[in-house]
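**Student:** Protein chains in written order, with the numbering used here: chain A, 1 to 71; chain B, 1 to 242.
No wet-lab data here; the hints were simulated from the structure. From a predicted model like this one, the values you see are computed outputs, not experimental measurements. Careful: at least some of the hints might be erroneous.
Unchecked claim - BS3-like, lysine-lysine: derived pairs with alpha carbons at most 30 Å apart:
| no. | chain 1 | residue 1 | chain 2 | residue 2 |
| --- | --- | --- | --- | --- |
| 1 | A | Lys45 | B | Lys66 |
| 2 | B | Lys183 | B | Lys111 |
| 3 | A | Lys45 | A | Lys28 |
| 4 | A | Lys28 | A | Lys71 |
| 5 | A | Lys71 | B | Lys167 |
| 6 | B | Lys63 | A | Lys45 |
| 7 | B | Lys167 | A | Lys45 |
| 8 | B | Lys66 | B | Lys111 |
| 9 | A | Lys71 | B | Lys183 |
| 10 | B | Lys63 | B | Lys167 |
| 11 | A | Lys28 | B | Lys63 |
Stated by the list, open to error - Chain A is nowhere near these chain B residues, computed Cβ spacing over 12 Å in every case:
| no. | residue |
| --- | --- |
| 12 | Ile125 |
| 13 | Arg212 |
| 14 | Glu218 |
Yeah, the Cβ is synthetic: ideal placement off N, Cα and C, and Gly gets one too.
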Amino acid sequence: MTVLYTIVPLEDVLEGIDDDPAPTMVLKLGGLSLEVEQLDGFQAKVVRLLSTDPEHYLLPHCQPGAVIDLK
Amino acid sequence: MNGQEQPATPGGSGSKDKAVLQNIKELGQISRPQAQEPEVQPFHCLTIIGQIEGHMVLPPRNKTTKYEHVIPQLVAIEQNPKIKGLLVVLNTVGGDIEAGLAIAEMLHTMKTPTVSLVLGGGHSIGAPIAVAADYSLISATATMTIHPIRLSGLVIGVPQTYEYLDKMQERVTRFILEHSRVKADVLREMMFRTGELVRDVGTVLVGEEAVRIGLIDEVGGLGVALSRLAQMIEPDAEGGVQ
């Protein structure tokens, strides 16, 4: 159940909603788990952080959108 | 592992940088996986930008504030004794009503002093988040749109009954009324005003107007916001605006 309360027209918000999302995988990194989307080569983009330690959510490399070098 | 153990090698900041580089080389990580930096800034800054994303993952063209990341960040800020205050910078077009209300409720119940600053725009669900802080500011040219949920809203998976939307609306209205000085009849009148918005009913408030009706506490920018935070921590400190 989702209710959107926004000034942006609905068709703009939902543009591309039917496209399949990129596949993700869970990466263990330094004791925490990150859900990442594999980019080209040896890089991965953080989609979500899976942790119960709130301090982890302040780490810059765990923010959604951060790119991690897997090399 | 061994790269991590040697950040304290003597020789100043140059060797520290080297240790970081070595970390990247040895461990394949951009930054060291250490939660506690030696110096924690007294104020943290939380930006609420774009659409507020809740239960539904929005298409990638939207710039979103992710609810599930913001909530634990607020917990971390509240728990960390070194973080003395939180500045919430709002430039949002709205978004998921429940996620937005959840962020507003978290902010409101925090013991850490909070100041919100509306820059650019704090529309729709941005309004409850702005008023949830201990003190709210709006820049002189920033705007806030007050409008009802039903006309531009989206309901997925529930019967679109009038009562249901009315209840949703009531939660937002009540939150704003309880946490700001705005009067109920003024807010309702603004919400259903016709002629100001093209595809919707509602009101656009620019800077000073939001303060005049009591929605926001003061017109100001970053300087005022930071001195207000400093004042909340040490009431005797100078820098206040009377």
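**Student:** Against the structure shown, which of the earlier numbered hints fail to hold, in ascending order?
**Tutor:** 5, 7, 9 and 12
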